[in-house]
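Peer 1: Residue-level listing of the chains:
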Amino acid sequence: MTMGLWQNWVLPGIWVTVQLLVYSAALAAVVAFGVGMARTHRSRPVRFAATAYTEVFRGVSALVLMFWLFFVVPPLLGWQLVPMWAAVLALGLSYGAYGAEVVRGGLAAVPEAQREAGIALSLTPWQRMRLVLLPQAVPEMLPPFCNLLVELLKGTALVSLLGVGDVSFAAYLVRLATQDSARIYTLVLVVYFVLALGVTRSMKALERRAKANLGVVAK
Amino acid sequence: MNWDWSAVADFMPRFLDGLLVTLQVLVLGSLISFSLGLVWAAGLRARTRLVRWPVTGFTEFVRTTPLLVQLFFLYFVLPEWGVQFSALVTGTLAIGLHYSTYTAQVYRAGIEAVPPGQWEAATALSLPAHRTWLAVILPQALRRVTPALGNYVIAMLKDTPLLAAIGVLEMLQQARLESAATFQYTEPLTVVGVAFVLIAYPASLLVRTLERRLVH
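Heads up: the sequence lines are chains A and B, in that order. Each number in my numbering comes from the position in the first sequence (counting from 1) with 26 added on. Each number in my numbering comes from the position in the second sequence (counting from 1) with 36 added on.
The hints are simulated quantities; they were obtained by calculation from the structure and are not laboratory data. In this text the structure is predicted, and so the values were computed from the model without any measurement. Heads up, the beta-carbon is just placed ideally off N, CA and C, and yes, glycines get one too. Wrong hints could be hidden among the right ones.
[Claimed, not checked] The calculated label-pair distances, taken between Cβ atoms and stated as ranges, are:
hint, chain 1, residue 1, chain 2, residue 2, range
1, A, Pro-169, B, Pro-152, 23 to 29 Å
2, B, Val-233, A, Pro-101, 19 to 25 Å
3, B, Pro-49, A, Lys-230, 47 to 53 Å
4, A, Ser-69, B, Gln-154, 45 to 51 Å
5, B, Trp-39, A, Arg-68, 34 to 40 Å
6, B, Leu-161, A, Glu-138, 40 to 46 Å
7, B, Glu-96, A, Thr-204, 26 to 32 Å
Work out the full structure, taking the sequences as your base and the hints as a guide.
Peer 2: If you want it as structure tokens, here you go:
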């Protein structure tokens, strides 16, 4: 592969993949905490809506969702989504649904007595969530979130099918230019592997710090 | 909003063809991943590092890199190596191989979850190795792993649309062909999306029931 291909397509492609990962992870985190906490809400309609959300978005393929957001929603609403944002929206909404399950599981794992103690101190539900439950639940959520983040990174490759110039799309272009499939696709697989390694390393460090703050030693 | 029921009706024959291909990929892909996963699981438990390390490295690599890129890799590189498969076969292989690295972890966890006493009992009865595996360990391990394997079949279902990228005529590709022919995107894509929920939701309920019956 020549220097030009590397500089013009592959490097910018890696950068686009990283951006996609950051934006859709941010959206997924908002969705995961919003929907996950809603699933523990007192009111039945709120719980029902949150459950319906997770079942629907975990049921649909992320790629179908992406095509749907790109081709179906714009004519319905009368505006157009840039492919990049259709992609971020699809990834964030669907991986957020998986994350909501992690949040719900994390909250459920906090001992019942902690919630009762919050009630005894007459904390409001929101104070209980913010001051008692979440600080204990979040460190427990980090390992499953790490797996989810790697899945999300893999999911970003789908955007190349909408023509977003991520590293998978770059691979496609380089293959057309060089006809050397084995080399470019091996290289791109290694790029994803290294990015995933970066994700797992930083999540591990985060977990260790979060658990140290709670006085627990991370495994 | 302009929803056109006649477009849904027009899409139905194509949709059903696509559904059939999707299910075909799913069944064959599951069989490949279930059997290949067992091979990896054996490799992960091998006594010699010469086997354990390459299998660990390979499965980790496949598990942490995108299926779509692996799909293109197989689709474009296999012919260069002189192996010629149809898109459908390549796609099914890719999905089976990708998920075999997940099922390997499931099998491994299932085998490790069998209480040590069971191994000791088999030794005490001086059962030969193959009897220990077939009569004692695997029946208990497979019971535990069935729900987890079910979850990966559902995950595999949601990855089958990726095969549209190499032109396999599964549900999404049929929807794309329909849209290209009629310029109506809304109905075909929505039908496919709804089909996924209608298959995945009952399937996940089934897995949850299995989990209650078999594991707890």
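Peer 1: State for each hint whether it applies.
Peer 2: Hints and how they fare:
no.	hint	in the structure
1	A:Pro-169 x B:Pro-152: 23 to 29 Å	holds, 25 Å
2	B:Val-233 x A:Pro-101: 19 to 25 Å	holds, 22 Å
3	B:Pro-49 x A:Lys-230: 47 to 53 Å	holds, 51 Å
4	A:Ser-69 x B:Gln-154: 45 to 51 Å	holds, 47 Å
5	B:Trp-39 x A:Arg-68: 34 to 40 Å	holds, 37 Å
6	B:Leu-161 x A:Glu-138: 40 to 46 Å	holds, 44 Å
7	B:Glu-96 x A:Thr-204: 26 to 32 Å	holds, 28 Å
Violated hints for the displayed structure: none, as all numbered hints are satisfied.
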